[in-house]
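Trainee: Here are the chains, one letter per residue:
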Amino acid sequence: MRRAPGRGLLSTVVGIVLVALMLFPVYWMVNASLQPAGNTLRGGWFPSRPDLGGYVTALRDQGRNLLTSLVVALGSVALSLGLAAPAAYALARLRVRGAGLVLFGILITQMVPGIVVADALYGTYSDLGLLNSYAGLILADSTAGLPFAIIVLRAFMLSIPGEVIEAAQVDGAGQLRAFRSVVLPMSRNALITAGVFTFLFTWSDFLFALTLTTTQDVRPITLGVYQYIGAHTNQWNAIMATAVMASVPAAVLLVLAQRYVTAGAAGGTVE
Amino acid sequence: MISPARPPARRIAALLAGATALLLTAAGCGGGPAPGEVTSITVLDYYTDEPEHTQWAQTLSDCGRTAGVKVEQTSVPGASLIPKVLQQASSRTLPDLLMLDNPDLQQIAQTGALTPLDRYGIDSSGFAPGILSTGTYDGKVYGLAPYASTVALFYNQDMLAEAGVAVPRTWDELKAAAARLTRPGRYGLALDANATFEGTWQFMPFLWSNGGDEKQLDTPQAAQALQLWVDLVKSGSMSKSVLNWTQADVHDQFAAGRAAMMINGPWRIPALDKDKDLHWAVAPIPVPRAGQTPVTPLGGEVWTVPQSASKARQEKAARVLACLNSPSTMLALAEQHFTVPSRTAVAARYAQQVPSMAAFVESVEAARARTGELGVRWPQAATGIYTAIQSALTGQQTPEEALRHAQQIATGG
Amino acid sequence: MRSRSRPVAEARSGERAARWMFLAPAAVYLLLFFGYPVVKNVVMSFQQYTATTFYTGSAPFVGLQNYAKVLTSDLFPKALLTTALFTAGSLCGQFVIGLGLALFFRRRFPLGGVLRSLLLLPWLLPLVVSGATWRWMLDPDTGVVNAVLRGLHLSSSGIPWLTGTSQALVSVILVNVWVGIPFNTAILYGGLQDIPPHLYEAAKLDGAGPVRSFRHVTWPLLRPVVGVVLVLGVVYTLKVVDIILVVTGGGPADATETLATQAYELSFRQFEFGRGAAMGNVLIVISLAFALVYLRAGRRARSVREGIA
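Quick mapping for you: the protein sequence lines, in order, are chains A, B and C.
For any residue, its number in my numbering is found by taking its place in the first sequence, counting from 1, and adding 383.
For any residue, its number in my numbering is found by taking its place in the second sequence, counting from 1, and adding 1420.
For any residue, its number in my numbering is found by taking its place in the third sequence, counting from 1, and adding 684.
Just so you know, not all the hints are guaranteed correct.
What the hints assert, rightly or not - Each computed SDA-like pair below joins lysine to any residue, with the alpha-carbon atoms no more than 20 Å apart:
(1) B:K1694 / B:P1471
(2) B:K1696 / A:A420
(3) B:K1654 / C:D825
(4) B:K1595 / B:K1560
(5) B:K1694 / A:T598
(6) C:K724 / A:G506
(7) B:K1654 / B:A1596
(8) B:K1654 / C:K753
(9) C:K888 / C:F898
(10) C:K762 / B:T1818
(11) B:K1654 / C:S850
(12) B:K1694 / A:G436
(13) C:K762 / B:K1595
(14) B:K1595 / B:A1703
(15) B:K1490 / A:T598
(16) C:K724 / A:L511
(17) C:K753 / C:L764
(18) C:K724 / A:G488
(19) B:K1560 / B:G1792
(20) C:K724 / A:Q493
(21) B:K1694 / A:L511
(22) C:K762 / C:F898
(23) B:K1490 / B:T1462
(24) C:K762 / B:K1654
(25) B:K1731 / B:P1471
Hints were generated in silico from the structure; no laboratory data involved.
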């Protein structure tokens, strides 16, 4: 596997070109967001005179929706991790009857299209008054995060040495203490990975936002972008500015939590 | 469909609505002061484009002031208004005051979501019969439109002069002119052929002026009208993007100089006027043969008061609705949006005051209501028509095949 | 003995209950948000469940009428074919490019790790954002893609990306490929890392070039992972609604309507919940067929991996 240094550099150059090609749409989004508004319908290759008008419009129209998305995403992270961590522990370390069935169920959830879930929830939510509510969206959005979190956390907890846990378990009531004081702290990295992905899944949710909200009250940013496309076709700078703002969490997490993101992308699903 | 079951249905709906309201209030989502002292009402419309959006916000808040309420306006794109209304009707979150495009009123009234306006003592006398009929279902008035409008041909005077093209009056002239006006980066004509009722609306003047009819779509007259659009796209005089454009996009293309002519409505005039370098004018929609009069569809939005749990809110909404339809507001709106007041006496006064609008006043008076023949079955026919437009313009079907299919959609279900 | 064993047994059953308490909340959630919707969807698909149901509260059972209407509509065969093409096209593109990138990034070079994680960005962005951006880029008249093609003299009039029926399908596939590449790259890269290096060295000693070592070492050992990636890809692609709604809205002339977008259209734009549910169930059946393949592939992957280890 050893190579001449020149060849490594060549690979770097090729790699940069490939990544630049792949990320061109992201560049174009940023570029379009900095073009001035108006009816010109076309922009330059570079935002030579960056115009923040698009961001001003976007923040005015969509600022609240960004907050909504943040609340829903954080709520979903809390709910998913809160349910997934103990479940993953039970599936990994406690010999629970029916564990196999639950694992099988989690696999099956991946085959259920979101539109089917939305179909059924719409009527029920309508009766329960959960349409247009944070709670309703958080619950529905966790359908993406929870199964993923269980899989990631279980995979990690399987790798915790048994003696460590056994040492902490004194009796039946000790299960909870072992879980809280040993398993959870040791699973910190896996929890972060699961949390990061749950956050991104929920932040990106479109289908539930589209189907389970009917008014402006609780409106995630993804729906804001979608409605912008229909309504303000001549303000592509504002649409793209909203798109850029909606991309911020993904970009920030990719930089700050790179390790966890890479782990989640490679792990989880295959194991 | 639900008329036999209506009285119990209403009761259940009211009960459910009450229960929902209770739940929401209990959950802290209802908010606001106690029933009785209504300080604000919600409004839903499709005026998303500027300057229309701001102008309507102003008018609504002015009328709200006369009724003593704050108006919270929400605007959604035209194509998503009806799905939104159905969704809100089913979740009982309809606004207090609802705007509908006039051909949709009967369908929505049929579901029982709207209240008849006589309940609030609103005066609907003196309205032009055409626009009043679109707001009427089952003999009762559910919606009133402050103004009516229709579509026409807008053209860029500089481009026509430069190409030495006269304003087209017939279909042949339209094809020839559009071809001669087409340049790299510019199309001769822009219109809206998208897969929504907007596409259908723009097609109606071509269908009707050629003797076509929505009751029977698979006729040679209809096929010829559709063939005209196909020819315009095939010859490259019209962008294939017409398949996706909304009327707002069509406007943007024209305003950006990427189209020399467009089919659009007079409510675009304020936006066109903003651009001082754009020299444009309006002409009637070209007709099949010289000397014919175009038959155009009657446009305009009706305002309605949906069913709700709160009588007090409904009363307030009705007062705002009455204000919107008062002679003075109607005149102001018409002047703002270059449309035609729907009370005939006001329209006559308007034609005198603004002579340049006299032609529009006349054409609106002759305009045909889309629900005139089919009533609640219009949406099905309209769906058939835009489906046919899409199939024919993409070349999937010939106009004849496409319209045969359209007729099936219109009559089937 | 007997008198002492009873408390132990009690403690055991208490402990079993305590263990269950760890699992129960998640299990209940899964039942409520996956089990219940699937069951309710089956029930709804036999009912006339429409907008008026919300007013009248009644949804009469109509037998197989919804299925009959959905399966015999002109749109169904069209949507089925579109779904098949969309899925196959997306998978091919994602997989081939993803594998290429995974193989490329397997070699070590400066900045390799950073570049590899940057590559994940398209996958992490909200699909609506990607869709909106691509829609802007693919606009036939003003988009940058046609501008580049014209600039390179590859196309004089531009390609009707969003307005031609077959081109629009290509467009949504293109966008879905772009979104899916990072996921494929990441999983396949992980699979490649699991292949023991000594196998390559042995192949090299046998005089195998890169092509032969790919054919005889990489591919056979990667195959279980490939199976998983492809089947997961099918299952995820069948569900896609966002990208299509944003990029083409299912048009032009319904050319990009898939089973999933049809289910959405029926339920949430026409408010024909019964028919939407029927369409959703057709989608689930297709997904389940692939699920079986997935489970078998998963088992095979595990056994192969255990074999290596």
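Trainee: Is it true that the CA of K1694 of chain B sits at most 20 Å from the CA of L511 of chain A?
Mentor: violated, 49 Å
Trainee: Measure nothing beyond the straight line between the CA atoms of K888 of chain C and F898 of chain C; if it is 20 Å or shorter, mark the hint as holding.
Mentor: Holds - the C-alpha atoms of F898 of chain C and K888 of chain C are around 11 Å apart, at most 20 Å.
Trainee: Are K1560 of chain B and G1792 of chain B close enough, with their CA atoms no more than 20 Å apart?
Mentor: holds, 15 Å
Trainee: Hey, K1694 of chain B versus P1471 of chain B, does the alpha-carbon distance stay inside 20 Å?
Mentor: With a Cα-Cα distance of about 10 Å, the restraint between K1694 of chain B and P1471 of chain B holds, given a limit of 20 Å.
Trainee: Does the structure keep K724 of chain C and G488 of chain A at a Cα separation of 20 Å or less?
Mentor: holds, 17 Å
Trainee: K762 of chain C and K1595 of chain B: Cα distance at most 20 Å?
Mentor: violated, 34 Å
Trainee: Taken at face value, is the distance from the CA of K753 of chain C to the CA of K1654 of chain B at most 20 Å?
Mentor: With Cα atoms ~35 Å apart, K1654 of chain B and K753 of chain C exceed 20 Å; violated.
Trainee: Are K1595 of chain B and A1703 of chain B close enough, with their CA atoms no more than 20 Å apart?
Mentor: holds, 16 Å
Trainee: Going straight from one Cα to the other, do K1490 of chain B and T1462 of chain B come out at no more than 20 Å?
Mentor: Roughly 9 Å between the alpha carbons, so the hint for K1490 of chain B and T1462 of chain B holds.
Trainee: Is the hinted pair K762 of chain C and F898 of chain C satisfied, with a Cα-Cα distance of at most 20 Å?
Mentor: Outside the cut-off at roughly 39 Å; violated.
Trainee: K1654 of chain B and S850 of chain C were given as a pair; does the straight-line alpha-carbon distance stay at or below 20 Å?
Mentor: holds, 17 Å
Trainee: K1654 of chain B and A1596 of chain B were given as a pair; does the straight-line alpha-carbon distance stay at or below 20 Å?
Mentor: Distance of about 13 Å is within 20 Å: holds.
Of the hints listed earlier, those the structure fails to meet are numbers 4, 5, 8, 13, 21, 22, 24 and 25, in rising order.
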